[in-house]
Amino acid sequence: MRTPDRTPLDRGLVRDALAIGAAAAMIGISFGAISVAQGMPVWLPTAMSLLIFAGGSQFLAVGMLAAGNPVAAILGGLLVNVRHLPFGLAVGSALGDRLPFKLLGAHVLIDENTAFALAQDDEHRRRQAYWLVGGILFVTWNVGVAAGVVVGGAVGDPATYGLDAAFPAGLLALILPAMRDRTTRTCAAIGAVIAVAATPLLPAGLPVLVALLGVAAGVVRRFSLRGVAE
Amino acid sequence: MKYIVVLLALAAGTYAIRLAGVLLRGRLTLPDWLDDLLPVAATTLLAALVATAVFTDAGHLALGVARPAGVGVGALLAWRRMPFAVVVVAAAAVAALLRLAGLP
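These protein sequence lines are chains C and V, in that order. Sequential numbering from 0 applies to the first sequence in numbering that gives the first Met the number 0. Sequential numbering from 0 applies to the second sequence in numbering that gives the first Met the number 0.
It is possible that part of the hints are untrue.
Which stretches of chain V does chain C cover? Using the computed rule of at least three CB atoms under 8 Å from a CB of chain C, they are [as the list claims (entries may be wrong)]:
#, region
1, 7-21
2, 42-52
3, 55-67
4, 78-90
Honestly, the hints are just simulated from the structure, not real lab data. Using N, Cα and C, we set each Cβ at its ideal position, and we do this for glycine too.
Sequences are here, hints too, so could you generate the full structure?
This is the structure:
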């Protein structure tokens, strides 16, 4: 009989989660520093990181607040975060069946643990990956942001350390195994092209969402090919 | 005051979005074809995030060399089944070194 709760944590998974967690801490430092440099109250970056816990929307909201547009900070930030709804649909079962787990787990639903969970082969590992990566990133992101507020201007541009390449490379590595499936590959490729092409035209957040058109295109293509083959 | 309003509105809205997906997952009984499509959709969204992170900056196309090269090296290492930590560190190192060499 399986006793899933007692299975020890996969060491490789812990190491991978710490790697992405360390990178998140560095980005957090720059978020804290940039927020203070843009004139935000010192409590805001930390409060945002604890309560919102979604880096992209936090950077956008601080930028909009600094530009004197609080309404755009809210609407723009929410638009950037809409993608979490389909993420929840896709990996929701990894949070566990009980309501308290769902209520707590939903708060740590991010790109990284979605990608880690999707990359696992079985439900038990999916659950481990989701909570481990979500938990580690919640800690490292918040510690990083608090540190950034304290050290402020002493931090350089994260791009100097190549951190802007680290995150996409990490996400790409996680979705690579799924690309063995032809439909997934087609949908992802079309979606990626659509998102990049739409970026200069649409407000932040929407380009990633319109990438879902790639799913429609990929599926239509597969069914039409099958139709021809049969 | 405006800071508190933005903070709470964004926090509540983001949590509602997250919880909606998670709870709907448990309550909806989807036809198989749609159920199979959810991971495809999530992977497509992640691919779009990767692509926009690599090729765009603040709403514009980014024509730099260092970042795509770093991510490219990372992708190659991931494809050769190197450990995840190696992929992430190598991507950052390549991008940082190219910038140190003066490339955008």
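Exercise. When the hints from earlier in the document are held up against this structure, which numbers fail?
Worked result: Per hint list: zero violations.
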